[in-house]
Amino acid sequence: MSPAEALPGASSPSVRSPGGGQTLAEKILARACGNPSVVPGQIVVGQVDLAMAHEQGAQAILPFHQMGAERVWDPERVVIAIDHWVPASTEGAATLHQMLRHFAKEQHLPHFYDIGRHGICHQILAENGWVVPGDLAVGTDSHTNMLGAMGAFAVGIGPTEYAAVLATGKIWLKVPPTLRLTADGRLGKGVYAKDLVLRLLGEVKVTGATYKAVEFDGGTIQGLSMPERFTLCNMTTEMGAKAGMVAPDERTFHYLEGIAKHSMHPVVPDRDARYEREVHVNVDDLEPQVACPYSPDNVRPLAEVAREHVRIDQAFLGSCTNARMEDLREAAAIFRGEKVAPGVRFIVSPASTRIYQECLKEGLVGVFTDGGAVFTNSSCSACFGGNMGLLSPTEVCASSSNRNFPGRMGAKEAQIYLMSPAAVALSAIRGEVADPREVL
Amino acid sequence: MGTPLKGRVWCVGDDLDTDQLIAGKYLTIIDPELLKRHVLENVEPRFSQEARVGDLLVGGINFGCGSSREHAPAALKAIGLGAVVADSFARIFFRNAINLGLPAVEAPGVRALFQPGDQAEVDLERGTVENRTRGGSVRFEPFPKHLKEILEAGGLVEKVRRELHPPAPGAAP
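Residue numbers (my numbering), protein chains in the order written: chain R, 1 to 440; chain S, 1 to 173.
I should point out that these hints are in silico values taken from the structure, not numbers from a laboratory.
Cβ coordinates follow ideal geometry from the N, Cα and C atoms, glycine included.
Any given hint could be a false lead.
So, partial list: chain S residues that the calculated Cβ filter (under 7 Å) puts toward chain R [as the list claims (entries may be wrong)]: (1) A90; (2) N99; (3) G154.
Subject to a maximum C-alpha distance of 25 Å in a straight line, what follows is the list of computed DSS-like cross-link-like pairs (lysine-lysine) [stated by the list, open to error]: (4) R:K361 with R:K339; (5) R:K170 with S:K25; (6) R:K412 with R:K205; (7) S:K6 with S:K77; (8) R:K189 with R:K339; (9) S:K148 with R:K412; (10) S:K77 with S:K25; (11) S:K148 with R:K170; (12) S:K148 with S:K25; (13) R:K170 with R:K189; (14) R:K174 with S:K145; (15) R:K174 with S:K148; (16) S:K145 with S:K25; (17) R:K105 with R:K261; (18) R:K170 with R:K105; (19) S:K77 with S:K148; (20) S:K145 with S:K77; (21) S:K159 with R:K174; (22) S:K148 with S:K159; (23) S:K159 with S:K25; (24) R:K412 with S:K159; (25) S:K145 with S:K159; (26) R:K339 with R:K412; (27) S:K159 with R:K170.
Estimated spans, in silico, between C-beta atoms of each pair [what the hints assert, rightly or not]: (28) S:V43 with R:G185: 38 to 44 Å; (29) R:Q47 with S:V43: 37 to 43 Å; (30) S:G154 with R:G188: 54 to 60 Å; (31) S:V43 with R:V45: 53 to 59 Å; (32) S:L34 with R:G188: 35 to 41 Å; (33) S:P169 with R:T182: 52 to 58 Å.
Given the sequences, and given the hints that come with them, work out the whole structure.
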């Protein structure tokens, strides 16, 4: 499909409601359930376009068989990506991996990203074009929301539900009301998509979008690259959202050119769509932000926290939120020729093996390791406190990841500050929470 | 779902995320009987030892936010809880609990009604939670038909099994 054919304009023959406009989420769900329109609160059964699992998928195997299912509904629509423990760091993880390998073989699942071609599941879906505009996608990870940046409805589910999807290809969903977050203006130097989403989190809080779809719009969003949109949609999970999305445009189609794995059904929201709530920000004066312990919505201006000289023990540049090539380049630009502060560890974990290889080609691995950073293979790494890079009770971490609840990265008392990749890099150099604008 | 659930109450606060229910380091454990030893261990260390079958867990707003891990409701179910009742739930926890056949009852105002150790009665049909120790009650919207069917089947596994393999006409129920 060429971008021109796929481009949805105001006169596009996309799904339209007979009376009253529909949001992006409503249009995608209407198509998925085969209705001309849907309304918030309605329970619908939708046809799934893509079903992704990581290690948690192993827990779907037993219920899949208990349901009496024999074959996966469509092996071409199933992606399995190993990402939490790569390579296995415990016997338990090794067993989960083995269960998934056996299941993939038994069910003839061709799209299994095993160790060696691995990456964080959401990045695997993005860079291989597994989710396209108009899709209803599900995944066994809460940050599946990230794929909404493709103009899709991408939603996180648990393994029992995943088993039901594997068996039937369908999922029940309550049509969510939509929260529209619009941003206008230009992001300044040292201010990134991460700062914008943290600012919005500070505004709507961790329950502000519970059960809702979040639709991003406005001039700022239209100007963002796909990786930046991934960061935004990724952290709608921290707002409690069922899905976070951006309407597809030329950038979306350009990103997916040559890699889209199935046909697109792009839709855009109607001009008269009904939103439950609208929040608008102008980003011209937006400063870098930081989420302080112990909640992603405990957001303050980074410069203010930097003035308090918050000492860190670890800096983590990784996770599905911010470990793409663009993120690593921003961080490397600051870190080049510098050293990690004495007594601090700096862990850099690219979001996929492909990104790892690009870092090798561009010389970024050397930039980080020459300065004393640990450059790891691709995985969820330190983000989830179950594999590596864990924190002791009195330790503090500057992180480009997405959550800082108690115990997220190890000890329940450990403190995590969430910020942009550039801010993480400078914090690693300074040994304390730092504002990247000071060196840009 | 006809008989009201009666049980002793355990209380937790707002925004209790799934990392606090089951920490990341336990995610490679998938046997609920082993998982339940670690449930809430950083928040309420006595819980996994002392909670009894039929007890009720009462939470605040945004219960179960964070990761999609089904380990959290699976461990609570293995403990034998009658239900989790909270002012509000994060969506994935809510779905996971229902899918496992563990009632997740969203009853705004419920947290303020209880102290640890109180006796509660939850009527899923009428949509009421009552404090039998101190008095007072709150109402909630009873489950819609679709969710009721999942709970009545004992979880999504059995519901899907019945759909995939419907009993032959005339067969004994």
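Hints and how they fare:
no.: 1; hint: A90; result: holds, 6 Å
no.: 2; hint: N99; result: holds, 4 Å
no.: 3; hint: G154; result: violated, 11 Å
no.: 4; hint: R:K361 with R:K339; result: holds, 21 Å
no.: 5; hint: R:K170 with S:K25; result: violated, 32 Å
no.: 6; hint: R:K412 with R:K205; result: holds, 21 Å
no.: 7; hint: S:K6 with S:K77; result: holds, 16 Å
no.: 8; hint: R:K189 with R:K339; result: holds, 23 Å
no.: 9; hint: S:K148 with R:K412; result: violated, 37 Å
no.: 10; hint: S:K77 with S:K25; result: holds, 20 Å
no.: 11; hint: S:K148 with R:K170; result: holds, 19 Å
no.: 12; hint: S:K148 with S:K25; result: violated, 34 Å
no.: 13; hint: R:K170 with R:K189; result: violated, 45 Å
no.: 14; hint: R:K174 with S:K145; result: holds, 12 Å
no.: 15; hint: R:K174 with S:K148; result: holds, 14 Å
no.: 16; hint: S:K145 with S:K25; result: violated, 37 Å
no.: 17; hint: R:K105 with R:K261; result: holds, 21 Å
no.: 18; hint: R:K170 with R:K105; result: holds, 23 Å
no.: 19; hint: S:K77 with S:K148; result: holds, 17 Å
no.: 20; hint: S:K145 with S:K77; result: holds, 22 Å
no.: 21; hint: S:K159 with R:K174; result: holds, 18 Å
no.: 22; hint: S:K148 with S:K159; result: holds, 11 Å
no.: 23; hint: S:K159 with S:K25; result: violated, 32 Å
no.: 24; hint: R:K412 with S:K159; result: violated, 38 Å
no.: 25; hint: S:K145 with S:K159; result: holds, 13 Å
no.: 26; hint: R:K339 with R:K412; result: violated, 29 Å
no.: 27; hint: S:K159 with R:K170; result: holds, 14 Å
no.: 28; hint: S:V43 with R:G185: 38 to 44 Å; result: holds, 42 Å
no.: 29; hint: R:Q47 with S:V43: 37 to 43 Å; result: holds, 40 Å
no.: 30; hint: S:G154 with R:G188: 54 to 60 Å; result: holds, 56 Å
no.: 31; hint: S:V43 with R:V45: 53 to 59 Å; result: violated, 36 Å
no.: 32; hint: S:L34 with R:G188: 35 to 41 Å; result: violated, 51 Å
no.: 33; hint: S:P169 with R:T182: 52 to 58 Å; result: holds, 56 Å
Violated hints, listed in ascending order, are 3, 5, 9, 12, 13, 16, 23, 24, 26, 31, 32; each of the other numbered hints is respected by the structure.
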